[in-house]
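Novice: This is what each chain is made of:
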Amino acid sequence: DVKVTQSSRYLVKRTGEKVFLECVQDMDHENMFWYRQDPGLGLRLIYFSYDVKMKEKGDIPEGYSVSREKKERFSLILESASTNQTSMYLCASSPPARGQPQHFGDGTRLSIL
Amino acid sequence: AQTVTQSQPEMSVQEAETVTLSCTYDTSESDYYLFWYKQPPSRQMILVIRQEAYKQQNATENRFSVNFQKAAKSFSLKISDSQLGDAAMYFCAYRGQGGSEKLVFGKGMKLTVNP
Numbered sequence: 001d002v003k004v005t006q007s008s009r010y011l012v013k014r015t016g017e018k019v020f021l022e023c024v025q026d027m028d029h030e031n032m033f034w035y036r037q038d039p040g041l042g043l044r045l046i047y048f049s050y051d052v053k054m055k056e057k058g059d060i061p062e063g064y065s066v067s068r069e070k071k072e073r074f075s076l077i078l079e080s081a082s083t084n085q086t087s088m089y090l091c092a093s094s095p096p097a098r099g100q101p102q103h104f105g106d107g108t109r110l111s112i113l
Numbered sequence: 001a002q003t004v005t006q007s008q009p010e011m012s013v014q015e016a017e018t019v020t021l022s023c024t025y026d027t028s029e030s031d032y033y034l035f036w037y038k039q040p041p042s043r044q045m046i047l048v049i050r051q052e053a054y055k056q057q058n059a060t061e062n063r064f065s066v067n068f069q070k071a072a073k074s075f076s077l078k079i080s081d082s083q084l085g086d087a088a089m090y091f092c093a094y095r096g097q098g099g100s101e102k103l104v105f106g107k108g109m110k111l112t113v114n115p
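Protein sequences, first through last, are from chains A and B.
Under our numbering, the first residue of the first sequence is numbered 1, with each subsequent residue one higher.
Under our numbering, the first residue of the second sequence is numbered 1, with each subsequent residue one higher.
Careful: at least some of the hints might be erroneous.
[To be verified] Mimicking DSBU-like on lysine-lysine, the simulated pairs with C-alpha atoms at most 35 angstroms apart in a straight line are:
1. A:Lys57 - B:Lys55
2. A:Lys55 - B:Lys73
3. A:Lys3 - B:Lys55
4. A:Lys53 - B:Lys107
5. B:Lys70 - B:Lys107
6. A:Lys57 - A:Lys18
7. B:Lys78 - A:Lys53
8. A:Lys55 - A:Lys70
9. A:Lys71 - B:Lys55
It should be emphasised that the hints constitute simulated quantities derived from the structure, not laboratory data.
Can you make the complete structure from the sequences, with help from the hints?
Specialist: So, in structure tokens, the structure goes:
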């Protein structure tokens, strides 16, 4: 089974802090994704990556950046955390074959105080 | 841009009965993929079922089946013999025919299963 591991289940940070959310997958997937999940809004794509050092903006990239130095690891960075970034963050990965399902981590519930 | 609409934010069903979750999408593409994902409370999002648009046959996975109406751009999920473990948020998602594997998700629907 594919395992996507997110470093923290719950995280509390302060406004203005630089926040790192880490995601590791163990299936050698090329594609990795970061989503934000808010009640009533579903999942919204922040950034995705289809290869090491490659990244593309999703629908809501403002205030975020990403890093993919190794194939198995995809990091989401909040450069200067703000209260409106309080949310559930989900990481996912998928193989390169077209139309394959994405595999999700357990999510990180991030609170910015 | 493609959009996915789940018009019912919540539904409930009695254990052992059948329930249908609706999903519609808007696209001008002809070749795409559709997915239903399930997210149990405080648990991981998992794939329920996947449909390829060029396949006429509706996908089925055990108690889960879809009614895919391409012309109507409708992709509903039927859960038969509902179980307490089916209680979850359900998300419909669309993957277009471009080179990117990114998904467009609906807003989700909360399913409650009553004993």
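Novice: Each hint needs a verdict: does it hold in this structure or not?
Specialist: Hints, verified against the model:
no.	hint	verdict
1	A:Lys57 - B:Lys55	holds, 31 angstroms
2	A:Lys55 - B:Lys73	holds, 31 angstroms
3	A:Lys3 - B:Lys55	holds, 29 angstroms
4	A:Lys53 - B:Lys107	holds, 31 angstroms
5	B:Lys70 - B:Lys107	holds, 21 angstroms
6	A:Lys57 - A:Lys18	holds, 19 angstroms
7	B:Lys78 - A:Lys53	violated, 41 angstroms
8	A:Lys55 - A:Lys70	holds, 13 angstroms
9	A:Lys71 - B:Lys55	holds, 33 angstroms
Hint 7 from the list above is the single one not met by this structure.
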